[in-house]
Amino acid sequence: MSTIKVNNLENASGVGRYTIHAWVCFTGSGTVSIRNSENISSLTDSGTGMYFINYSNNFSNTNYAGGGAVRHDTTSNNRENTFVNFRRISDSIATSKAGLSVSNSGSPVDDETVTFMVTGE
Amino acid sequence: MASYRVIYEEPDYPEQPAMVLVPSDNWLADAMAGKLPPISVYWELQDDEQKAIDEGRHDNFEHDPSKWEKQFTAPRIGKLTEEEAMEYLVMKDIPRRVWAVEYNRPMFKIIKTEQVPSDRQFRGAWEMTQ
Chain C
1 MSTIKVNNLE NASGVGRYTI HAWVCFTGSG TVSIRNSENI SSLTDSGTGM
51 YFINYSNNFS NTNYAGGGAV RHDTTSNNRE NTFVNFRRIS DSIATSKAGL
101 SVSNSGSPVD DETVTFMVTG E
Chain V
122 MASYRVIYEE PDYPEQPAMV LVPSDNWLAD AMAGKLPPIS VYWELQDDEQ
172 KAIDEGRHDN FEHDPSKWEK QFTAPRIGKL TEEEAMEYLV MKDIPRRVWA
222 VEYNRPMFKI IKTEQVPSDR QFRGAWEMTQ
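Chains as they are written, first to last, in our numbering: chain C, 1 to 121; chain V, 122 to 251.
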């Protein structure tokens, strides 16, 4: 397998293409485990519905973006009002890690499937 | 699937439940294939960022590019065993105050995956057994 190394990626029309810095899909209930990921070295389970994702390679700055989705369990549809968000508190966002919180109507919950991806520089 | 987990407590936040660090299988594979830079590369970045936090300038923080690029350009350290990779991961992803400072009891343990309870009831009150 060969590796392509470039600083800028564009399509044939010169429109910039941007890549995901890291992503993860993990089991957030029972025994927490990472199902699949890229550029994630580990996940920290820090309480009900509370996690940190730790990046294999750091971002160059703290101004990055992310988003995700959750599924509560394997027998019901996604619960309405259940979200996974950045924890924008204290030092929860750093170039090396991000704090995530999974909540339903404002209360932290453990969901069967949690996905999150982040992008930036 | 990773054979180990790390359980630890935060000495600066004693009210928080015990944390469980779950390694990524992809990262472990890279570690065991010899693709990691020296741990000092990450420590240097952590030190710069912590200084910015301490000085109240973490918003809009940006790494020195020459230090940041070392993640990709520094010579690789060679192949690690899974146990060595877990020790590396402790030093990379767990705050230094947890593992580099001596307390009157251990603040972290590397444990087998099956030792982590699968019943998450009272997850907000988990403590590390001594």
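These are calculated hints, taken from the structure and not from any lab test. Here the structure is a predicted model, which means the values were calculated and not measured. Treat the hints with care, since some could be wrong.
[What the hints assert, rightly or not] Partial list, computed: chain C residues near chain V (C-beta under 7 Å):
{"hint": "1", "residue": "Ile-20"}
{"hint": "2", "residue": "Thr-31"}
{"hint": "3", "residue": "Asn-61"}
Positions of the beta carbon are idealized from the N, C-alpha and C atoms, including for glycine.
Now the hints, each set against the structure:
A least Cβ separation of about 14 Å between Ile-20(C) and chain V goes past the 7 Å threshold, and the interface hint is therefore violated. At about 5 Å, the closest approach between the beta carbon of Thr-31(C) and any beta carbon in chain V falls short of 7 Å, and the interface hint on this residue holds. Nearest Cβ of chain V to the Cβ of Asn-61(C): about 4 Å, under the 7 Å cut. The hint holds.
In this structure, only the earlier hint numbered 1 is contradicted, and the remaining ones agree with it.
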